[in-house]
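**Student:** Chains as they are written, first to last, in our numbering: chain P, 1 to 754; chain L, 1001 to 1230; chain E, 2001 to 2080; chain C, 3001 to 3080.
What the hints contain is simulated information worked out from the structure, not anything from laboratory work.
Any given hint might turn out to be false.
Pairs of lysine to any residue, SDA-like flavour, derived with a Cα cap of 25 angstroms [as the list claims (entries may be wrong)]:
#1 P/Lys-703 / P/Ala-576
#2 E/Lys-2028 / C/Lys-3011
#3 E/Lys-2023 / P/His-144
#4 E/Lys-2028 / L/Ala-1175
#5 E/Lys-2078 / C/Pro-3017
#6 C/Lys-3057 / E/Met-2038
#7 C/Lys-3028 / E/Met-2038
#8 E/Lys-2048 / C/Lys-3028
#9 P/Lys-301 / C/Lys-3011
#10 E/Lys-2028 / P/Thr-139
#11 E/Lys-2048 / C/Tyr-3007
#12 E/Lys-2023 / C/Tyr-3007
#13 P/Lys-141 / L/Lys-1108
These numbers come from a predicted model, not from an experiment.
This is what each chain is made of:
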Amino acid sequence: MGKYDIEITKKIIAEHGFKDNEYENILKIMGRVPTYVELGIFSAMWSEHCSYKHSKHLLKKFPTKGKYILQGPGENAGIVDSGTKMAVAFKIESHNHPSAVEPFQGAATGIGGILRDVFTMGARPIACLDSLRFGNIKTKKTQHLFAGVVDGIGAYGNCVGIPTIAGETIFEDVYEDNCLVNAMAIGLVDKNKIAKGIAKGVGNPVIYIGSTTGRDGIHGATFASVELTEATKEKRSSVQVADPFMEKLLLEATLELIEKKLVVGIQDMGAAGLTSSSTEMSYRGGVGMEIDIDKVPKREKGMNAYEVMLSESQERMLMVATKGKEKAVEKVLTKWGLHAVVIGKVIKKQNVVIKEGGKIVADMPVEPVTDSNHKLFPRKNQIGVKPKYLKDINIKNADIKTPENLEATFKTLVASQNIACKNMVWEEYDHMVQTNTIVLPGSDAAVIDMKGTDVMIATSVDCNGRYTYLDPFRGGAIAVCESARNVACSGAEPAALTNCLNYGSPENKEIFWQFEQSLAGMRLAAKALKTPVTGGNVSFYNESPSGPIYPTPVIGMIGFIKDKKKRYATQFFKTAGDRIVLLGKNKDEIGASEYLKVIHGLIKGPVPEIEMKEEIALQKTLREGIKKGIIKSAHDISDGGLSIALAESCISGKLHGKKILGAYVEVRHAIREDSLLFGETQSRAIVSVSEDKLEALKKIADKHNLTIMEIGKVGGDSLIIKTAKEKMPYVEKINMKLLEIENLWMNGVKQYVG
Amino acid sequence: MKFGIIVFPGSNCDRDCLWAVEEMKQKGEFVWHDSKSVANYDALILPGGFSYGDYLRSGAIARFARVMDSVKTFADKGKPVIGICNGFQILLEAGLLPGAMLTNKTLKFICKYVNLSVENNTSPFTNKCEKGQILRVPIAHKEGNYFCDDTLLETLLANKQVAFRYCDEKGKINAETNPNGAVYNIAGITNKKGNVLGLMPHPERAMKETLGSTDGKIIFESVISYLKKR
Amino acid sequence: MPKAKIYVTFKDGVLDPQGTTVKRALDKMGYKNIEEVMIGKYIEVQIKGTDKKQIEKEIDEICDKLLANPNIEKYTFKVE
Amino acid sequence: MPKAKIYVTFKDGVLDPQGTTVKRALDKMGYKNIEEVMIGKYIEVQIKGTDKKQIEKEIDEICDKLLANPNIEKYTFKVE
Ligand SMILES: Nc1ncnc2c1ncn2[C@@H]1O[C@H](COP(=O)(O)OP(=O)(O)O)[C@@H](O)[C@H]1O
Ligand SMILES: [Mg+2]
């Protein structure tokens, strides 16, 4: 068959990374030796990245149904009901390995990919979020990666005109050689015009739209499924260069085609490019596809079917249109300076048939290539084994000495990498375009308005990888709770989540245990909070010779504020004289904290407890208090604990053009001073209310059975924190001018990245 | 009043501008870059974005769009034309405004609220402002470092063509309050006649308290008032 | 096919923000011999035709109209 | 003072979105003879020193480290 009828040798099979009996299964499926092109297609589709062979059975256990869910996992993006005509499509994806090799282009193309996932559904993207993890910002290498990644995300999203409105930026040594770049996109789609990645209608044309196909990214999916070493970096075929202007054209043209009902089905050519889009679309429609390689627009001379099928060139879409409507399709595309290239047609036989030079070079059944339920489809039922490192992972509080000078400790923390302000990141992103960003970055969750409705969308991405490393189950649960809590702090009800699961090699039983456990934790929290999973992405093999990353399940949460008055909250104090109230219970927990790491140099547990009942009580109280116009500011307590949350409530308003406002705080407690000030006990938040609303707030908290304590007053130009054990008199622990705090906080990271 | 909003393939503030016009209770319409005529509008807006990816130089390719000839004719007739951000860059490239745009001195894209000092309140775009009034309006650009040589700067000043300058919240103008390195802290200029305005900041983003400021409105109010009197 | 090599550089007196930043970065990296850096564009154009004069005229035109901004940039080219 | 002229271009097979877009613009403007456009960087560096070998070594180093992105770009230079 065909001119690239290369003999399939043992060596070639090995080079394609097949494991166990996968090649035997191919022989069974094909009933013959596969062609070279077929082998390449199997290799890409059965790679971890496309097949989810290690993770599928666990992902299936996620709760996926609920009152808001219109589209769960399985499509290019999940969709939730906003209660208006327009539904919300959203999804998160990783671009870790490409970004580690080439930070600017890797991160940029990551944004491109996730935007396409959203607009192929017919949704106009309205926001992006980014979750970033690097090594220590003090190293040259991290500074280089950081600059490139942030620049790349900005360059792409800004050009396409999608505001990047929230994210997280975390620095931990374990990410030094394997940075994480996760990107999320949110879009709005008319409920009646949701498009799908499906091929239907025998004889319908298969149309190729967008950039030319080059040799870039061949075997990208396979590449994402191996560890990063110097050797793999070399092996990487040429880097994909982002073309955001092409993306913008594709976006507008795609939406117009869908709007004009010219689309039967459409999907972007993402991982494994033409291979995955053609097989997946065929599979979903119960049909097959015939593709003529000669017709595919190519960037380079001499590209063969194998290369064309496996190329991961960016900014390309595959579409099935109704036969006879080709002219109308072409007209829309011409308007946007694009072309419709018919490269094949839908066929009845459920096979993908690839032709080149008039000859058939691949002819393979769609089902076993795509459907994970097929009996010959690879699956790895790995069983995890509890990692040895967890044996001595917990400290006893008694072994840690409380520092003498807590103000000095506070100063160090407020300027530390993970706590210091990240405005230099979001200021490189256009976060205001589309004029819907009501809460800009720099508060717990971003809030976007849905103009012309009573609805606003709140969103946040979160994960604490250190927690998940120290206690995978709790870490997983906390990631879900924290993202929901951030959303609740804006006044929204969390509705659904998408997740990006970043782990080391699943072939390592200990890492697989981290995976199992953290997913179990996520399940527990997602069920309790009624936030089903609508999709996501698994990124395994995040390892380098220096070891695996922390297990990092990043949660992207979507919530709604539904209210005629559109009341919402931000995290910073509003008015001098307002009362500061602590919601939730203080516990004697210093394990796993930023404080323990930065001040004591220890990465040790125990991870703070998480009680779903308390979490739900807190979130309900926040929501009700905000909706009733009682709570004027709300900020959850996370990295750095109570003292940092207070400081941020004082100073972060300045980033939003508001005055900074001091606080005078007195807290009675029965725990260690450092636990109180810096511990990261979960399910707590700092809110402020005007004095006359204190009682009303207490009533709400009582109703939900939530611990509540008035701890101080807004005002002045300093942050003053006094504490007292039981009946003892108050002792001043922190008394600092806000300007000094602000200076430390604003420069903690900035000093390294200018 | 009817505003025409010119749409290039890579414009991305076109919808925002339309929204802003409608917030001002005026009519607005999109004008595709291939259009031949803009004669039936009272004012034109060239919105922000990345007209052709901003490849080569921002605005360099857009200037050759078919609609630009009629934009010139429109401007020559003394009708108001506003170029915001990328729109400003296009007007510079097209020669409707003098000078050129360089990359920000930080080489980075900057998106944040800044303060503008109104330098001239006699133009169609600022007649509702006080001289020296401070407006809080966001910027979002990577190439907003306005450049002109000394001779041109003198001309601009002599003709009162400098419309806005970057300042702080108290109105202080210096290197520290200059976000992008622009000559003389220039954020916006008009042509000699005063009917063409180019500005880097986005007034259409500052139309509502919930978006952070309503200071952008005054620019639209000025244009509307000017058109009514005309 | 003839190829035109085009060099676009900043005019004297125009500040080159990229060049300045790169110069500073090199300083920091310890390259003390570098006195000045100017960053411009290098453009290669493949053009059909046989008449060199005609080709040069066309290239000059597209440089003047599109590839360079005469307010701040100057250009040179050679056709090979 | 010696001057290095540095040309940074894309490696073969790497997408050049700028070049493609400019080519399309020229098409639309009626320049039908233009077959291909590649947009790279042209950098001029003024450098102190008298030993040409040494200068070349230094220039090569800064190209490799800073001026070109070895993942997608290649460079040539000459010292005058
Ligand atoms: N990479 C980023 N992109 C955009 N916004 C970011 C990024 N990193 C941090 N932020 C913003 O900074 C603020 C603080 O972030 P973070 O400390 O992660 O908040 P929290 O602890 O509430 O999750 C948030 O508003 C967040 O959206
Ligand atoms: Mg928070």
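**Student:** Does each hint hold? Answer for all of them.
**Tutor:** Against the structure, the hints:
Proximity of P/Lys-703 to P/Ala-576 is assessed by CA-CA distance (about 28 angstroms); at most 25 angstroms being required, the pair is judged violated. For the proposed pair E/Lys-2028 and C/Lys-3011, the alpha carbon gap of about 28 angstroms is over 25 angstroms, so the pair is violated. For the proposed pair E/Lys-2023 and P/His-144, the alpha carbon gap of about 17 angstroms is at most 25 angstroms, so the pair holds. Of the pairs offered as hints, the one joining E/Lys-2028 and L/Ala-1175 holds, with about 23 angstroms between alpha carbons and a cut-off of 25 angstroms not exceeded.
At most 25 angstroms may separate the alpha-carbon atoms for a hinted pair to count; E/Lys-2078 and C/Pro-3017 meet this at roughly 24 angstroms. Restraint check for C/Lys-3057 and E/Met-2038: the C-alpha separation of about 19 angstroms stays at or below 25 angstroms, so the hint holds. Using a Cα cut-off of 25 angstroms, the hinted pair C/Lys-3028 and E/Met-2038 is violated, with the two alpha carbons roughly 32 angstroms apart. With a C-alpha separation of about 16 angstroms, the suggested pair E/Lys-2048 and C/Lys-3028 falls inside the 25 angstroms cut-off, and the hint holds.
In summary, the hint linking P/Lys-301 to C/Lys-3011 is supported, as the alpha carbons are separated by about 15 angstroms, within the 25 angstroms threshold. Taking the CA atoms of E/Lys-2028 and P/Thr-139, the gap is near 15 angstroms; set against the 25 angstroms cutoff, the hint holds. A hinted pair counts as satisfied when its Cα atoms are at most 25 angstroms apart, and E/Lys-2048 with C/Tyr-3007 qualifies at roughly 24 angstroms. Only pairs whose Cα atoms come within 25 angstroms are accepted, and E/Lys-2023 paired with C/Tyr-3007 is accepted, the gap being roughly 17 angstroms.
Distance hint between P/Lys-141 and L/Lys-1108 is fulfilled; the C-alpha atoms sit about 19 angstroms from each other, no more than 25 angstroms.
Hint violations for this structure: numbers 1, 2, 7, all remaining hints satisfied.
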